[in-house]
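S.K.: Listed here are the chains, written in short residue letters.
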Amino acid sequence: MTQMTFARAINTGLRKSLENDPKVVLLGEDIGALGGVFRVTDGLQKDFGKHRVVDTPLAESAIVGTAVGLAYRGYRPVVEIQFDGFIYPAFDQIVSQVAKLHYRTRGAVKMPITIRIPFGGGIGSPEHHSESPEAYFTHTSGLRVVTVSNPQDAHTVIQQAISCDDPVLYFEPKRRYHDKGEVDESVDPRTAAPMDQARVVTDGTHVTLVAYGPLVKTARDAAIAAADEGISIEVIDLRSLSPVDYRTVVASVRKTGRLVVTHEAGQSGGLGAEVAASITERCFYYLEAAPVRVTGFDIPYPYSKLEMHHLPGLDRILDGVDRALGRPNSLSGLEG
Amino acid sequence: MGQGSASAPIAADFTGAGGPAEPPGRTSGLVQLITPSGERVSHPEFDPWLQDITDDHLCSLFEDMTVIRRIDVEATALQRQGELALWPPLLGQEAAQIGSGRALREDDFVFSSYRENGVAYCRGVDLTDIVRVWRGNASSGWDPYSINMATPQIIIGAQTLHATGYAMGIQNDGADSAAVTYFGDGATSEGDLNEAMVFAASFQVPVVFFCTNNHWAISEPVRLQSHIQLADRATGFGIPSLRVDGNDVLAVMAATRVALDRARRGGGPTFIEAVSYRMGPHTTADDPTRYRDANELEDWAAKDPVSRVAALLDRKGLLTAELQQQVRDKADAVAREMRRGCTTMPDPQPLDVFKHVYSTPNSWLDRQQDHYARYLASFGDPAEAVSEEGAR
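Residue numbers (this note's numbering), protein chains in the order written: chain A, 1 to 336; chain B, 337 to 728.
Simulated from the structure, these hints should not be mistaken for lab results.
Be aware that a few hints might be false.
Taking CB as the label site, the calculated pair distances span [unchecked claim]: (1) G510/B / G107/A: 53 to 61 Å; (2) S141/A / S714/B: 47 to 55 Å; (3) N20/A / H707/B: 35 to 43 Å; (4) R190/A / I490/B: 21 to 29 Å; (5) I554/B / R282/A: 21 to 29 Å; (6) G49/A / D383/B: 52 to 60 Å; (7) P126/A / G572/B: 27 to 35 Å; (8) I123/A / H707/B: 37 to 45 Å.
Computed list of lysine-lysine pairs in BS3-like fashion (alpha-carbon distance at most 30 Å, straight line) [said to hold, decoys possible]: (9) K110/A / K217/A; (10) K16/A / K50/A; (11) K110/A / K100/A; (12) K666/B / K100/A; (13) K50/A / K23/A; (14) K100/A / K46/A; (15) K652/B / K23/A; (16) K691/B / K110/A; (17) K217/A / K16/A.
Some chain B residues near chain A, calculated using beta-carbon distances under 7 Å [said to hold, decoys possible]: (18) G505; (19) F535; (20) S538; (21) S699.
Backbone N, C-alpha and C fix where the C-beta goes; we use that ideal spot for every residue, glycine too.
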């Protein structure tokens, strides 16, 4: 076991993939000499060469579109989109090409492309640098969408994403890049929990709290705080956002009877809506209360002095837990 | 895929066996080797690239062009008869497709738009596969690796990036094949083509950008797309370009050979503008009489690529009744085979709708498939499960 930062954990995962498979190539802006703006690819070009770790011109559609061509040729491209808000120029290539080529060619062409996207807020950045665009992609068939919440997962899941024959969007919670954690580098990604399996972070009996990516830590902190008041929260880290491992969530909700979902992205049409609806379909007679969403607002990501209001924090999550439990909360007395 | 030298001389790398010492670069005029009346004009820079073209070869190009014109007519008829939902005709672009398609090597890889059925024919496509998509039986007609040609791209210009990426892979593999991407004049307005040219130039990869300027992007004329000749745009990316008469099969073939040779020798990308004309509609759903002048069509009909080769053969005394009959028979046979393949194509099965979305199991989709299978099983005959209303 080694103590390492989240960013370093991804870096070592990428390094292993580059070592293990000569068909793995990295593409992106500034990922070579600079090592990426977050240094996630630090040192990889130096060790693997410019043909394996390719500094590209600034053109997101081209970064993804050329990865499609490389995949046609049998490569396994890993592309870095520098920031969440820069994914949109590549949107067409992702949803119309990457996602559909396997279907379009009736399985003849595989698209084992991993698209790394630093996402989420909380780092005081300007516009376009703090967004949570995951729902655009969970809505697109043919893509797999994963995110990670701790260095061990970051290390293992990146390798699983790269070896997956389907295209994977790998969302990296950028405000956790510098968090440290234990990483067991000897974990074999082939035998570790698969990336589309959710993880129970803390066991609990009163309410199920579903989170992913940057908010898993906040959710866990909320569970610790709630325990002081005698409330037992079961925190689930989804890990995979498409598909969601409903089996794990269902098992938890059948036990607790209550569901709270939290994410940074805006509420309407977000993943929380999908989880709430799916759990209602599957667990209606187990639910003691309507599912509750604690999310970002339906606004453009705000300027940094206000972002703490937009981002669900520990107290807003606990307020949501109170709503699910029917305890006094900020909306008490409000109907509808 | 290493960084290429962006400042490499553009047209100085055409040396070596097979080609002239100083091959052509951008020419301001239109390169033409066969006039509309079928006269073979010599061209000191391009003729060396056609030294192997014998009379027999010319006859075979004539046959190819006649066959793909016939395929086009047959498919249009199939659409009118309700056998195909849609068809994008290539009428008028036979020289551009056959001239370039016959210049390719088997290990080159093609990324085309939806109109390059003549190129697919050159690649040896199964004729039934050409109409499979347009009948609505599948999302693609063929396995790309079976003929080294990606399935036709609908999104304008998207394939130019795929070709560039594939060429990055060729370069990385140290192979001497090339990627070739076909697109129309409309695609030159798209961001993807422009990004593809940036990447192709940056990495000096073996890709040929083959633009068929057929003058119309549905109803938008090329003059709306560009205030300069399309071939001149490539210069701004540091990509050498050629502008050829796209209705002249020999000019197109020579230009494509020049570009492929450059690619194979590590000389990087080339842009070819084949100036042609889409004589039919954009697709069978289109009505060009609403937006273009009949006189324009008449002018271009006089430059017809197929009759031009026929006139050249006639001048050479090669256009015998026997040859014409032989070519007609071939075209008829191909059309018959395509029609038979189209009309006898088995319908896909209901649960095929779920196939190949992912290459590994997906719990969401597996559940939906399972539920739909149960729903279908609740009917005696699954076909009854889909009402007329639902099918529409």
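S.K.: For every hint, state whether the structure bears it out.
M.R.: Going through the hints against the structure:
1. Checking the proposed 53 to 61 Å range against G510/B and G107/A shows it is violated: the Cβ atoms sit about 29 Å from each other.
2. For S141/A and S714/B, the hinted distance range of 47 to 55 Å is not satisfied, since their beta carbons lie about 25 Å from each other.
3. Judged by the Cβ atoms, the range 35 to 43 Å given for N20/A and H707/B holds: they are separated by roughly 38 Å.
4. In this structure the supplied range 21 to 29 Å is violated for R190/A paired with I490/B, their Cβ-Cβ distance being about 37 Å.
5. A hinted range of 21 to 29 Å is violated for the C-beta pair I554/B and R282/A, which are about 47 Å apart.
6. Taken as a hint, the range 52 to 60 Å is violated for the pair G49/A and D383/B, whose Cβ atoms sit roughly 43 Å apart.
7. For the pair P126/A and G572/B, the beta carbons lie near 31 Å from each other, so the given range of 27 to 35 Å is met.
8. Taken as a hint, the range 37 to 45 Å holds for the pair I123/A and H707/B, whose Cβ atoms sit roughly 42 Å apart.
9. As the CA atoms of K110/A and K217/A are separated by approximately 35 Å, the hinted pair breaks the 30 Å bound.
10. At most 30 Å may separate the alpha-carbon atoms for a hinted pair to count; K16/A and K50/A meet this at roughly 17 Å.
11. Between K110/A and K100/A the CA atoms are separated by roughly 10 Å; this keeps the pair inside 30 Å, and the hint holds.
12. With a C-alpha separation of about 37 Å, the suggested pairing of K666/B with K100/A is violated against the 30 Å cut-off.
13. At most 30 Å may separate the alpha-carbon atoms for a hinted pair to count; K50/A and K23/A meet this at roughly 14 Å.
14. For the proposed pair K100/A and K46/A, the alpha carbon gap of about 34 Å is over 30 Å, so the pair is violated.
15. Taking the CA atoms of K652/B and K23/A, the gap is about 53 Å. The hint is violated against a cut of 30 Å.
16. Proposed proximity of K691/B and K110/A is supported: the alpha carbons are some 14 Å apart, at most 30 Å.
17. Restraint check for K217/A and K16/A: the C-alpha separation of about 27 Å stays at or below 30 Å, so the hint holds.
18. With a cut of 7 Å, the hint placing G505/B at the interface with chain A holds, because the nearest CB-to-CB distance is about 3 Å.
19. Against a cut-off of 7 Å between C-beta atoms, the interface hint on F535/B holds, since the closest Cβ of chain A lies about 5 Å away.
20. The criterion of a C-beta within 7 Å of any C-beta in chain A is met by S538/B, whose closest approach is roughly 5 Å, and the hint holds.
21. For S699/B, the interface hint holds, the least distance from its beta-carbon to any beta-carbon of chain A being 5 Å, beneath 7 Å.
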